[in-house]
Amino acid sequence: MHHSRLCSMQIDCRVEDIDAAAEFWAAALGRPVDRGHYGTRGNYVMLQTPPDEPMVQIQRVEHESRVHLDIETDDIAAEVARLEALGATVVKELERWVVMQAPTGQRFCVVRLQRPGFPKNANRWD
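Residue numbers for the sequence shown follow the working numbering, so the first one is 14 and each next one is one higher.
Any given hint could be a false lead.
[Unchecked claim] Computed spacing ranges between beta-carbons, pair by pair:
id : residue 1 : residue 2 : range
1  : Val80     : Pro45     : 13 to 23 Å
2  : Gly49     : Val103    : 32 to 42 Å
3  : Asp30     : Trp138    : 39 to 49 Å
4  : Gln114    : Trp138    : 19 to 29 Å
5  : Leu99     : His76     : 17 to 27 Å
6  : Asp139    : Arg54     : 29 to 39 Å
7  : Gln127    : His76     : 18 to 28 Å
8  : Pro116    : Ala90     : 15 to 25 Å
9  : Met14     : Leu107    : 20 to 30 Å
10 : Thr102    : Val80     : 16 to 26 Å
11 : Val74     : Glu106    : 12 to 22 Å
12 : Arg137    : Glu29     : 38 to 48 Å
By construction, these hints were calculated from the structure, which means they are not laboratory data. In this text, all values refer to a predicted model and were calculated from it rather than measured experimentally. Where is the CB? At the ideal position from N, CA and C, for every residue including glycine.
Please work from the sequences and hints to get the whole structure.
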């Protein structure tokens, strides 16, 4: 048995200036940049979101600009196996997360716990 829930939306930006990109998305979404968040570092900038909402992170990338979702779980291996059974494939396994691709072509990540209050609003998978 494990749990998982939508964790965050990542706005992947192929840009030189990640701070300018973050300021645009902060204004567009009405969520200020959160410079004090542990996730704001280097190529990553977090926006302020209420604890019950998924996080929003702006990240500088080398691939095409796109948006992807992160699913947080208390058991990454079990969640990856569950998603593979649904037709997703593993693209890359990293130290703390796994990049996957849905059968519909979108990429997403399975990550360790990120938001407080877990497993509130999480699905239980047996």
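Original post:
Which of the listed hints are broken here?
Top reply: none
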